[in-house]
Amino acid sequence: MPSVTLNEEETIQEVRKIVERIGSTRADLIPVLQAITNQFGVISQTTMLELSTLMNLPTKEIHSVATFYRMLSTQARGRHVVQFCESAPCHVVGGREVFASLKEALSLEPGQTSPDNKWTLLTTSCLGVCGIGPVLLIDTDLYGNVTPEQVEDILSRYE
Amino acid sequence: MKAVRSMILVSNDPESNVRGSEKIFSAFQQQLRDYGLTEEVSLSMVSDLGYSYASPLVLIYPEAVVYGPIEPADVPHIVEEHLYKGRVVEEKRAPAHRLSGKVAWLSARKGTLPAENRVVLKNVGLIDPESIDDYIAHDGYQALGLALEKAPDEVISIIKGSGLQGRGGAGFPTGVKLGFVNKALADKKYVVCNADESEPGTFKDRVMLEGDPHAIIEAMLIAAHAVGADEGYIYIRGEYQLAIDRVETAITQAREYGFLGENIFGSNLNFNLHVHVGAGAYICGEETALIESIEGKRGEPRSRPPYPTTDGLWGKPTLINNVETLANIPAIIRNGADWYRTLGTASSPGTKVYTVLGNVNVTGLIEVPMGITLREVVSIYAKGMKSGSFKLAQTGGSSGSIIPASLQDTPMDFNSYKKAGVSLGSGALLICNDEVCIVDLAKVLLNFFRVESCGKCTPCRIGTKRAYDILTDISEGKGTLGNLEELTTLNKELLELSNCGLGQTAGTPLRDMLNYFRAEVEAHIRLGVCPTGVCPMEEA
Chain A
1 MPSVTLNEEE TIQEVRKIVE RIGSTRADLI PVLQAITNQF GVISQTTMLE
51 LSTLMNLPTK EIHSVATFYR MLSTQARGRH VVQFCESAPC HVVGGREVFA
101 SLKEALSLEP GQTSPDNKWT LLTTSCLGVC GIGPVLLIDT DLYGNVTPEQ
151 VEDILSRYE
Chain B
1 MKAVRSMILV SNDPESNVRG SEKIFSAFQQ QLRDYGLTEE VSLSMVSDLG
51 YSYASPLVLI YPEAVVYGPI EPADVPHIVE EHLYKGRVVE EKRAPAHRLS
101 GKVAWLSARK GTLPAENRVV LKNVGLIDPE SIDDYIAHDG YQALGLALEK
151 APDEVISIIK GSGLQGRGGA GFPTGVKLGF VNKALADKKY VVCNADESEP
201 GTFKDRVMLE GDPHAIIEAM LIAAHAVGAD EGYIYIRGEY QLAIDRVETA
251 ITQAREYGFL GENIFGSNLN FNLHVHVGAG AYICGEETAL IESIEGKRGE
301 PRSRPPYPTT DGLWGKPTLI NNVETLANIP AIIRNGADWY RTLGTASSPG
351 TKVYTVLGNV NVTGLIEVPM GITLREVVSI YAKGMKSGSF KLAQTGGSSG
401 SIIPASLQDT PMDFNSYKKA GVSLGSGALL ICNDEVCIVD LAKVLLNFFR
451 VESCGKCTPC RIGTKRAYDI LTDISEGKGT LGNLEELTTL NKELLELSNC
501 GLGQTAGTPL RDMLNYFRAE VEAHIRLGVC PTGVCPMEEA
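Chains as they are written, first to last, in our numbering: chain A, 1 to 159; chain B, 1 to 540.
Just so you know, these hints were derived from the structure itself, not from any lab.
Computed from a predicted structure; not experimentally measured.
Certain hints may be false.
Taking lysine-lysine pairs in the BS3-like style, the calculated list, with each CA pair at most 27 Å apart, reads [claimed, not checked]: (1) B:K160 / B:K188; (2) A:K60 / A:K17; (3) B:K492 / A:K103; (4) B:K456 / A:K60; (5) B:K122 / B:K160; (6) B:K150 / B:K183; (7) B:K23 / B:K85; (8) B:K297 / B:K188; (9) B:K297 / A:K17; (10) B:K316 / B:K188; (11) B:K316 / B:K297; (12) B:K492 / B:K478; (13) B:K465 / A:K103; (14) A:K60 / B:K297; (15) B:K92 / B:K386.
Rough simulated footprint, nothing fancy, chain A against chain B, three-plus residues with beta-carbon under 8 Å [claimed, not checked]: (16) 13-24; (17) 200-208; (18) 279-290; (19) 444-454.
Note that the Cβ used here is the ideal one computed from N, Cα and C, for glycine as well.
Work the whole structure out from these sequences, hints included.
Next up, the structure:
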């Protein structure tokens with residue numbers, strides 16, 4: 001997750017470095033956007049304008065791709081992103097109860113970010129670890145076989 | 001921790017205790033001293049081995065043999081035979097059907113059950129996935145050598161002869177597809193491995209890529225030789241970080257060994273391989289959406305025809321196969337088409353990897369011959385239901401079918417399932433007990449399609465949303481019988497009018513729900529009751 005806030009000029013410098021490293025053809029667009037999301041946590045308006053020049057693509061094209069994929073984000077997220085798997089395999093082994101307890105503990109509905117900017121709650125489709133459902137992903141930490149009682153404890157591990 | 005040769009665990013749950021586990025423990029202490037094994041064999045009491053009719057249980061590692069029920073008098077024999085002479089005491093093994101929980105999993109691991117016939121998972125868990133040498137030592141890249149000695153047509157006819165069908169869900173004959181790409185005339189062709197595994201409940205491709213990445217590279221090389229391609233992509237979903245790392249390591253190693261690059265094995269085959277990391281979109285598992293995504297665009301499916309076999313990546317003929325399909329190819333080349341046909345059924349040869357999930361005792365990955373039944377999977381491999389009784393199984397992620405108890409004994413292969421009006425899907429088996437509400441389950445499945453629909457074509461974008469809304473109404477006690485007719489129509493329209501597989505199969509849960517569980521749905525509407533008590537019905 002993003003740790004430093006850069007000013008616009010610095011951001012543009014970083015974006016240039018990323019494009020230089022990955023490439024500027026059309027096929028490089030998604031890897032470039034992934035690298036930007038990983039580094040800044042968000043693909044900002046400034047970034048898109050800069051990419052448009054660097055990659056010779058209309059900003060609407062970049063925006064259209066950036067909003068299509070789940071792992072790319074055009075909206076700023078909280079310090080920690082909590083993703084809950086809402087697919088059937090997790091659902092039938094108690095996912096419903098875990099999700100209710102998660103929403104209550106965070107006082108958030110899916111898609112919302114807490115006012116203190118600590119948490120963003122998202123639902124996600126299957127994460128491919130269905131053998132240990134219900135599954136919860138916080139940033140890059142995966143929790144399996146989660147019970148409603150464990151939710152508070154898991155969340156308390158994050159600053 | 002001291003290193004020991006063997007480890008003995010004696011169960012000491014209340015039941016075992018009543019049946020004398022402490023005496024068994026002291027008998028083991030005595031015997032180990034007598035044989036002078038105390039230094040190399042550890043002994044402990046454990047209380048959480050899980051409930052069993054066969055308690056008290058004795059578990060001996062590293063063989064992971066579960067003995068039970070054991071009496072103190074059995075101990076000298078077990079120590080002498082198993083720990084001193086190294087022979088498992090077969091007659092004292094706990095019967096597999098009497099175990100549950102953790103121990104059940106252990107006894108399954110060591111083949112007290114019908115042996116798993118592994119083809120695609122042969123190396124997974126046995127070799128170091130980060131070592132090309134380990135792969136080569138396990139017959140790795142041998143099939144590539146054999147294939148390069150044959151003409152492309154010959155390779156294709158072996159695959160055709162094996163009867164291998166695509167394992168991604170559609171079951172298209174792999175040899176025929178290879179033939180199409182081989183015949184397409186073009187200056188450039190591509191081979192693409194579809195590892196954008198996103199069907200809910202499916203993680204077989206992840207395990208294959210994590211456990212045996214070179215097998216996929218080898219298969220892609222053989223396919224490249226067969227169709228005349230010189231470049232390839234492995235499209236791995238972005239969430240699979242470990243699989244991405246392992247495949248990238250494997251590609252680097254293969255390049256160093258000259259298995260990727262120019263004039264491979266001194267032949268005229270040139271092949272370069274890239275990894276494309278997905279960015280999170282279920283639809284990219286659809287082959288034309290996947291191609292769009294590699295090209296750097298939104299993953300929206302193209303209209304077919306033309307098919308990728310003639311107009312694929314950057315307009316060039318492209319062979320796209322699922323990971324599991326490819327993983328079968330080296331074994332077929334090594335052992336021949338006839339060998340492959342000895343596995344599975346006549347119409348669907350080979351094995352199938354399933355992910356077993358849901359309300360069962362043992363969840364996880366199994367590879368079994370085509371044609372075993374759901375009843376076998378549940379009772380043997382999954383060790384029975386964890387709670388309640390079997391109600392239904394959902395196959396192949398969200399686009400799979402809902403299999404009711406009445407189809408438990410239908411052989412699981414492409415043909416038999418098709419005849420029964422259901423589909424095998426991509427290999428997930430979500431086993432549900434009688435506490436699962438059909439309306440609630442269908443609602444979750446439709447929600448998935450509603451979220452994952454790319455929105456390009458209207459029948460899918462609006463149809464999935466409308467179906468979800470209706471199911472939500474039914475689950476809240478606001479449904480009408482007219483809604484059921486509407487769901488039937490929606491399923492028909494989704495199937496006939498959608499552009500790609502996502503929309504076409506999105507209505508399957510609706511169809512199966514109304515076919516097999518109509519009474520339960522009608523109870524929600526006519527009586528205002530959710531029979532399982534899952535749905536948040538409003539007070540009448």
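Problem set entry | Hints that the structure is at odds with (numbers, increasing) | 3 and 16
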